[in-house]
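> One-letter residues, chain by chain:
Number of protein chains: 2
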Amino acid sequence: MRWNELDQEPCSIARTLSVIGDRWTMLILREIFFRHRRFEEMQGALNITRPVLAQRLRKLVSDGVLRKVAYQSQPARYEYRLTDKGAALSPVMMALMHWGDTQMLPPGTERAVKLRHCSCNTQFDPVMTCSACHEPLAPRAVRMERRATAQPGLTQP
Amino acid sequence: MRWNELDQEPCSIARTLSVIGDRWTMLILREIFFRHRRFEEMQGALNITRPVLAQRLRKLVSDGVLRKVAYQSQPARYEYRLTDKGAALSPVMMALMHWGDTQMLPPGTERAVKLRHCSCNTQFDPVMTCSACHEPLAPRAVRMERRATAQPGLTQP
DNA sequence: TGCGTCAGTTTAGAAAATAAACTAACGTCA
DNA sequence: TGACGTTAGTTTATTTTCTAAACTGACGCA
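Protein chains in written order, with numbering that gives the first Met the number 0: chain A, 0 to 156; chain B, 0 to 156.
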């Protein structure tokens, strides 16, 4: 399978990865979540090459994750902001961050980034819970079940 | 920045992406979450090229996300299973899936994959909540705050 | 002996990323 | 007026990575 065929997959994980699953996109979005919204700002912070940054921003805009907002004219200059669709990625971002904090950090190391919940104004950890029973989801307490119908390219003999 | 320098970053998102942030790794892990654990099984289901699959599995094992478990000898054959560190990625997987379900699916389309919570035996949606107030986290209700200390390569004037 | 299965490796060509320089539109300073 | 700086890219040449297809090797089966 070629990467650009991925958005045709019936699986939501595949479709999501067709948007954010490459080497740089989530890091670009991290910068946006940090409110670094401009090209030079992101380029300097990430040390990403310019052609890749330009191409990724273009794709994120065309995928509806970011939108360009003019912050000056003459010359026209735009910054990149999250759409609602992009803001909806925050659970993904938090989950990535929390895994790094708990699984990749040498014990005793302080975390580089903290999360603050605006409505209760507290530092917190993100906890994934079950919409039915509202309990936290233990790592092996979840089964992913494929629908019975044919799923070309994904089924298994 | 080269991709292989990413695991040196102080940011947990960057460190996580150094493990799972490339084009194929999360799809391979999806197969493992679906309990497709063997090379041929994954290769057929994903239509990934064999050299890439072999290299990614090798890296996931060396990163401690998967482990090889013998399922026969003569010839020795191994399958790939999640370690605890790997199983801890399930919130990431669920978050990716939920974003795809809610943001990428044409309205009215049925979801290809459902989640079942073993302890309450119900189909559910994953809900990210605040560890402090236990409320669901609204998309824009979270602030990511960088620690004040110097973070080479990440700070911003 | 020959075929089939599984888990890869090898090789050649295509695609993508990197690094460094370049472009373009403007604003400022002198 | 002209040189320089800022911002947001694009261009070009080189390096790296990925793809596709074939090949390897250990065994089981008939």
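For the record, the hints were derived by calculation from the structure and aren't laboratory data. Fair warning: there could be bad hints in the mix.
As the list makes no split between identical chains, a pair holds if one copy fits it or if it spans any two.
[Unchecked claim] Derived lysine-lysine pairs resembling DSSO-like cross-links, with alpha carbons at most 30 Å apart:
1. LYS113 to LYS84
2. LYS67 to LYS113
3. LYS58 to LYS113
4. LYS84 to LYS67
> Does each hint hold? Answer for all of them.
Tested hints:
{"no.": "1", "hint": "LYS113 to LYS84", "result": "both (23 Å within a copy, 21 Å between copies)"}
{"no.": "2", "hint": "LYS67 to LYS113", "result": "within (27 Å within a copy, 35 Å between copies)"}
{"no.": "3", "hint": "LYS58 to LYS113", "result": "both (29 Å within a copy, 29 Å between copies)"}
{"no.": "4", "hint": "LYS84 to LYS67", "result": "within (14 Å within a copy, 38 Å between copies)"}
Hint violations for this structure: none, all hints satisfied.
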